[in-house]
Amino acid sequence: MQRSPFSLVVVGCSRGGLAASRRLLEALRRRDHLTMVIVQHRGPEPSPLVSALASASPFPVSEAEDKEPLLPRRVYVAPPGYHLLIEDGHFELSTEAPIDYSRPSIDVTFASAARAFTRGVVGVVMTGGNSDGAKGAAEIVRRGGKLVVQDPSAAEAPDMPRATLEAGLDPAVAPLEELGAVVRRLALQMNEPAGAQR
Amino acid sequence: MARWSAEQGPRTEGPAAVGLPAGSPLNGGREDELDQRWAKSELDRAETSAELEDIEIAALLEAIYRFYGADFRSYARGSLRRRLRRRAELEGITTISGLQERLLHDRACMERLLADLSINVTSMFRDPAFYRAFREKVLPHLATYPFIRIWNPGCSTGEETYSLAMLLSEAGLYERTRIYATDINAGVLAVASRAVFPLEKMREYTENYLAAGGDRAFSEYYVSGYDGARFDPRLARNIVFARHNLASDSSFNEFHAVVCRNVMIYFDVHLQRQVHELFYSSLPRLGVLALGGKESLAFSGREEDYETVDGAERIYRKR
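As given, the protein sequences belong to chains G and V, one line each in that order.
Sequential numbering from 13 applies to the first sequence in our numbering.
Sequential numbering from 6 applies to the second sequence in our numbering.
Hints were generated in silico from the structure; no laboratory data involved.
Here the structure is a predicted model, which is why all the values come from computation and not from measurement.
Be careful, since some hints might not be right.
[Said to hold, decoys possible] Where chain G lies over chain V, by a calculated footprint (3+ residues, C-beta under 8 angstroms): (1) 78-86; (2) 236-245; (3) 297-306.
[Claimed, not checked] Below, in silico cross-link-like pairs of lysine-lysine (DSSO-like), each with a Cα-Cα straight-line distance of 30 angstroms or less: (4) G/Lys147 to V/Lys299; (5) G/Lys147 to V/Lys323; (6) G/Lys147 to V/Lys142; (7) V/Lys299 to V/Lys142; (8) V/Lys323 to V/Lys206.
C-beta: ideal position from N, C-alpha, C; glycine also.
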């Protein structure tokens with residue numbers, strides 16, 4: 013198996029997601045060879061999400077732009093009002109209809125990440141008030157990626173992590189305090205030299 | 006960056022693995038290749054089916070280009086794949102090659118696909134800050150022309166076009182403006198020219214309109230009818246709805262502004278570049294180019310030929 017250029021951590025969250033994403037970012041270290049894409053449901057109005065995440069992140073944080081190449085050691089946030097797809101090594105935006113009232117849809121980004129980065133993906137489903145992410149998580153697992161779910165019993169909004177747990181995908185489950193460390197370990201494992209894993 | 010994927014390309018275990026000389030007619034050779042395509046782990050099957058789907062999509066696009074002349078070969082693959090899958094599902098078909106057969110033999114199916122590929126779900130005054138910037142930074146410049154021509158390519162069902170018409174009308178410029186609203190698909194143009202929009206959208210549009218700095222009552226622009234909110238026919242008076250294909254047609258006029266927001270996101274970088282050339286050649290000096298909020302000139306090959314009017318709202322002016 014070839015190694016991925018870097019591990020891709022794709023994160024889905026909704027209500028309560030800002031605080032949870034910050035906790036996740038705080039667990040990362042500057043030299044970690046991974047990139048994170050955060051899909052958080054939010055309204056179309058301008059929000060300080062990027063700057064709120066940047067203060068917790070060791071990597072530069074920005075909203076993904078159309079056709080922008082994914083680089084290692086970055087954090088990209090899905091812009092509101094678009095679906096965010098990953099195709100080969102770059103982003104694509106789409107204004108197709110919202111899915112279950114959500115645009116960005118976590119399922120859309122997860123499924124496209126799974127197709128583009130196959131075994132190099134760690135999907136993370138965190139706090140949120142609906143069931144977006146469960147279908148995309150299944151795609152990640154089907155394509156050989158790893159899945160981590162926030163323990164719903166301690167999540168601000170348990171519906172989203174619970175829906176993914178109910179999909180029967182056998183993910184790692186961790187409370188928010190430990191989530192970042194689990195995600196980081198799985199992501200960095202993927203980047204160890206060939207033969208050191210599997 | 007190339008898509009890295011596991012174990013593609015020729016596989017080494019072949020006839021020799023079962024003790025026969027390579028290419029043995031008894032073994033058939035070909036059969037082994039076929040086996041290798043499918044008799045694998047679930048993970049490999051996922052890999053194979055993704056690879057196969059790419060081949061099917063390329064074949065489908067080539068076929069509808071050759072037969073219908075509709076060229077989607079340079080469309081961005083992620084969104085295109087989603088729409089093709091969705092169309093297949095709605096037709097009750099499980100594979101992209103199955104969809105290809107129907108598209109080629111059933112014209113109505115092809116029309117449904119064309120509609121799928123040109124409908125983009127937008128709203129009036131989407132991104133109010135853009136319209137505010139356009140009002141404050143672009144309209145004063147446009148006002149210096151005796152007659153104003155604006156091109157709104159990829160207008161889909163017209164929400165953006167009518168928003169522009171309202172903006173111009175409130176600035177007292179609409180009477181001497183012509184907006185050319187174009188799309189590849191006649192169906193969406195017919196919807197756009199009816200100027201009837203769903204009533205349930207009016208609350209959102211009103212909020213957007215006010216956030217964009219609109220100073221009237223938005224409800225003055227429409228009357229509620231049995232079929233939806235019918236917009237004032239005067240708004241459509243100076244709009245020309247016409248078919249135009251950004252991928253294959255040339256420019257048809259010189260425009261003082263080209264407003265093309267969230268249309269080129271459906272194109273790959275090569276087609277984007279080609280369309281940027283088209284816009285560049287359609288603008289006079291100081292002509293305005295307005296893009297969507299997450300689009301930029303970065304891959305246009307024309308970065309140096311525009312100056313920025315409003316960076317955050319992606320409004321540029323030809324040097």
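Hints, one by one, checked against the model:
| no. | hint | result |
| --- | --- | --- |
| 1 | 78-86 | holds (count 4) |
| 2 | 236-245 | violated (count 0) |
| 3 | 297-306 | holds (count 7) |
| 4 | G/Lys147 to V/Lys299 | holds (26 angstroms) |
| 5 | G/Lys147 to V/Lys323 | violated (45 angstroms) |
| 6 | G/Lys147 to V/Lys142 | violated (44 angstroms) |
| 7 | V/Lys299 to V/Lys142 | holds (19 angstroms) |
| 8 | V/Lys323 to V/Lys206 | violated (35 angstroms) |
When held up to the earlier numbered hints, the structure conflicts with 2, 5, 6, 8 and fits the remainder.
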